[in-house]
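A.B. asks: Sequences and hints are given; from them, build the entire structure.
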Amino acid sequence: MFYNLNRRYHRKIGVIDQKIGYIGGFNVGQEYVSKDPKYGFWRDLHVRVEGQIVDDLQQLFLDDWSGAGAPTPLLPQKSVSPVSGEGLQLLYSEGKGLADQLYDWLATAEHSIRIVTPYYVPGKALQDLLIAKQKNGVNVTVLIPAIEDHNFVKAAAYAYIPSLLAAGCGVYQYVEGFYHGKAIIVDKRTALVGSSNFDKRSFHLNDELDLFLPGSPFVQQLVQTLEDDFAGARQLTEADVGNRTLLDRAKTRIARSFSEFL
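Each residue of the sequence shown is one higher than the one before, starting from 84 at the first, in the working numbering.
Please keep in mind that the hints were generated in silico from the structure rather than gathered at the bench.
Model, not experiment: these values are computed from the prediction.
Incorrect hints may have been included.
[What the hints assert, rightly or not] Computed list of lysine to aspartate or glutamate pairs in DMTMM-like fashion (alpha-carbon distance at most 25 Å, straight line): (1) Lys121 / Asp312; (2) Lys207 / Asp187; (3) Lys271 / Asp311; (4) Lys207 / Asp270; (5) Lys218 / Glu321; (6) Lys95 / Glu231; (7) Lys207 / Asp331; (8) Lys271 / Asp232; (9) Lys207 / Glu231; (10) Lys334 / Asp232; (11) Lys271 / Asp312; (12) Lys334 / Asp211.
C.D. replies: Have a look at this one:
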């Protein structure tokens with residue numbers, strides 16, 4: 084019962100005329116179009132897809148829709164989809180399994196791992212993997228927002244940031260607004276973008292939806308997008324962590340104890 088109370092539907096699915104699909108981090112709200120003065124500019128990542136994958140995306144939506152008790156809508160018969168979008172893979176999880184899939188994929192990295200996420204609370208296994216990769220010559224970089232939108236989530240990240248920095252990983256803070264994009268790029272060849280944060284809630288509790296890009300030409304576009312985001316960010320240092328206030332450190336200790344539910 085406690086698990087079900089904490090479970091959250093976190094997928095973001097958009098399908099237009101059964102031809103165009105959208106997957107990513109955008110919800111529907113004023114802040115997502117940068118109209119909430121609390122956050123200012125809102126940076127997010129969303130992907131438009133076409134082709135066969137839209138059929139798969141629509142079917143997932145219909146399954147979720149009927150699973151919530153809603154009547155199945157009557158849709159017009161659709162012609163055969165064009166082949167654009169082939170090779171892309173929907174990766175969806177229902178409160179479990181995502182962490183293991185990410186671990187297996189990240190373990191294949193030979194040169195670089197880039198992670199952008201609004202919430203960095205990976206848990207021990209993934210944290211240890213990233214540190215081990217950095218020590219073995221893989222360039223690991225992480226981008227998080229400088230401001231927070233939920234109490235204690237930023238504090239929870241600081242339970243992990245010091246060991247990343249000590250291992251030589253690059254940790255950056257986005258300072259031009261709030262960063263809500265969720266993406267991972269491995270070796271500039273494969274990528275994941277979607278609704279999953281790099282945190283325990285996405286890994287173990289939420290219903291999530293991501294798009295895996297195995298060598299798609301789109302990966303290079305995403306590489307450049309993230310390069311631009313990192314270029315405008317501030318790199319954290321061990322001195323920054325050491326200069327945190329006693330209150331901030333206390334919040335981190337508290338947040339770590341229930342980080343899976345943040």
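A.B. asks: Indicate, hint by hint, whether the structure satisfies it.
C.D. replies: Each hint tested on the structure:
1. Lys121 / Asp312: Measuring from Cα to Cα gives roughly 21 Å; hence the hint holds.
2. Lys207 / Asp187: Holds, at roughly 15 Å.
3. Lys271 / Asp311: holds (15 Å)
4. Lys207 / Asp270: holds (23 Å)
5. Lys218 / Glu321: Roughly 17 Å between the alpha carbons, so the hint for Lys218 and Glu321 holds.
6. Lys95 / Glu231: holds (21 Å)
7. Lys207 / Asp331: holds (21 Å)
8. Lys271 / Asp232: violated (30 Å)
9. Lys207 / Glu231: Holds. Lys207 to Glu231 sits at ~23 Å (cutoff 25 Å).
10. Lys334 / Asp232: Satisfied, since the Cα-Cα distance of roughly 15 Å is no more than 25 Å.
11. Lys271 / Asp312: Holds, at about 15 Å.
12. Lys334 / Asp211: OK: Lys334 and Asp211 at ~23 Å, within 25 Å.
Hint compliance for this structure: hint 8 alone is broken.
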